[in-house]
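**Student:** Taken in order, these protein sequences are the chains called A and B.
Start counting the first sequence at 1; every next residue gets the next number (this note's numbering).
Start counting the second sequence at 1001; every next residue gets the next number (this note's numbering).
In case anyone wonders, no lab produced these hints; they're calculated from the structure.
The model shown is predicted, which means the values in this text are computed figures rather than measured ones.
A few of these clues could be false.
[Said to hold, decoys possible] Cut-off 27 angstroms, straight-line C-alpha distance, at most; resulting in silico cross-link-like pairs (DSSO-like, lysine-lysine):
#1 K1145/B x K92/A
#2 K1239/B x K1211/B
#3 K1211/B x K23/A
[As the list claims (entries may be wrong)] DEER-style ranges, computed between Cβ atoms:
#4 F1146/B x W234/A: 52 to 60 angstroms
#5 T179/A x K1145/B: 49 to 57 angstroms
#6 H1287/B x Y166/A: 26 to 34 angstroms
Even glycine gets a Cβ: it sits at the ideal position worked out from N, Cα and C.
The chain contents come next:
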Amino acid sequence: MSVFADILDRRELLYNLVVRNLKSRYKDSVLGFLWSIITPLFMALIYLVFLRILARGIPMEEILIGVFAWQFTAQCVGNGLTTITDNSNLVKKVYFPRIILPLATTFSNLVTFLLSLVVQFALVAIILAFRGQHLSAAVLAVPLLIVYHTLFCLALTLFLSCLNVYFRDIEHLVNVLTTAWFFLSPAMYSMALVHDLAARYALPALSSLYMLNPMAIIITGYRALILPDASFPWSPSVLAAGALPILFLIAAYILFQKLQRSFSDFF
Amino acid sequence: MNAIEVRNLGKSYWLQGSEPQTLVGMLTRGLRHRQRKLIWALNDVSFDIRQGETIGIIGPNGSGKSSTLGLIAGTTVPTTGTITARGRICSLLELGAGFHSELTGRENIFLNGAILGIPRETIRRRFDAIVDFAGIRDFLDMPVKFYSSGMYVRLGFSIAVEMDPDILLIDEVLAVGDVAFQIKCLARIRDFQRRGKTLVIVSHALETVEKFCNRAFLLHQGRLVAQGEPPEVILTYLKSYMGEGSAVHTVEYGSRDAEIAGVRFLNAAGRESGAFETGKPMTVEIHYQANKRIEQPVFGFAIKTGNGLFVFGSNTQVAGFSIPAIEGPGVIRLMIDPMTLMEGNFFLSLSIHSWDHTIQYHRREDWYPFVITHAVGALGLFHLNARWDIN
């Protein structure tokens, strides 16, 4: 396909943009890259304390995994929105395949995520060791899930970056929706809570509906692969829901390629 | 062989009004029945540019010059028509457009190179040449946000010319930096021409178009209204769309007892022209019409640069050229020989007034544009008659 040839042809640009994003993000801060670890750690700590007060016990390692995974998605939403508008100068003045910009945003967030995962794995391993447990052997499959997660993040970035060129107020809408989405995703609670609710209100469909949220699949997936006693709720409906991010990616790509033709008319 | 072929090219924009587009705005637009207006920035333009040609595109503001370059560069997509370009295109549309202010000069050289599609290996090999050409070696590891605007564009230009494009698009960027850097830039442009590259230059500096281009295109309101030899096209431009009431800053007043009926600029060969050379004569033929008998009229003139700097002014009274009286039509000639102005766009003002300056019969300020080009090596606004002596 010609788009892959285009991207391959401009891989130096992609690489340079990823480096630029990473360098400029932490350039003027004292702690630099550490912020991308401190932020989810603080979040995890706050939820942990808060949930203890509410007397809803949830294992610390589950929160850590949930919050770090959420952080990757949230960053792609935040940076994805402004990927094209922040580079309006470039888009207007120089021709290059526009898809390089959302790719660069996604990849630079991926790099941050991978580095933060090192810290996350260390912390989770320590917590498990205190209980005499080890990381699950399935952890070797985590890279596959990261690829899946990245494709979903790319879809978000493609979708939001091109819409933001046309409608500048989408940013506010997205901020509100992202907060709601966070609570609809099992970042600071586990699937057990969802099953409890489904049982209490006699709504067996709730669990299946819940899995339509790609972040529910992704976070539950990370936990199942990393933790020894967590499991993934395999079922035909979950498998079908798992195809949603891929369909979303295809749709976002088609939309992006359609809209990118007139990007420069809007700056 | 044609490097660029353009057929029936059109580009339209929806004029959205001053408010930014928003999702809420789109949803409520139907309720407000707002009329959106379609603006044609370019309309049915066709031309060919042969390989190795240097084309100058001129025209008033908003005539579609920059849109044309954007379409050739591929940053915008045509609404109608087609563009076929053969070879690699580089656009010097805005120097340093891809710089990131937080990154250092060194980092930006590689980033900007990648944006322009220059292989990293080439940049690495030519790194020292780029830095020296831009003259920023001492500031290499400083974020470019601390650079002066001159350093910024110098670095941008230095990187861009390292690309070896087949077609180079230049939008108003030749006048960057100080005089010394401009000379270096122009030398690079000449070098491109010598190597048979195709250049398309958009410029308000008509002397640049006159000096560098094989052909000129004149755009007006999105249409290609003239093309051909630069001096002729420039003359058409000057006569049709600048001066004579159409330029922005012109002023005209007077009692009209005597009127300036027409003006012709003649070059050394006595032919009508819009462009003149330093060191050669320029004659301005002023056709007047005196509607009543006027004793001892005074004809005056003044010259300003395109930027409004007053350069010179005089009149027949100051020059000791006494005119007893005028009545009916007549012609008076103003001869400037040799022309001592150096290159640039200039405006001529003309006036007819009474001997004691109390009555202005007719006065046209900044009314007549003309262009000066020069071939000698000297620089500046004026050619001074300077000599050297050594004991």
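**Student:** Each of the hints needs a verdict: does it hold here or not?
**Tutor:** Results for each hint:
Between K1145/B and K92/A the CA atoms are separated by roughly 21 angstroms; this keeps the pair inside 27 angstroms, and the hint holds. Of the pairs offered as hints, the one joining K1239/B and K1211/B holds, with about 20 angstroms between alpha carbons and a cut-off of 27 angstroms not exceeded. A C-alpha spacing of about 44 angstroms is found between K1211/B and K23/A, which places the hinted pair above 27 angstroms, so the restraint is violated. For F1146/B paired with W234/A, a C-beta distance near 57 angstroms keeps the hint of 52 to 60 angstroms intact.
Distance hint for T179/A and K1145/B: a CB-CB separation of about 33 angstroms, inconsistent with the stated range 49 to 57 angstroms. At roughly 57 angstroms, the beta-carbon separation of H1287/B and Y166/A lies outside the given 26 to 34 angstroms, and the hint is violated.
Violated hints, listed in ascending order, are 3, 5, 6; each of the other numbered hints is respected by the structure.
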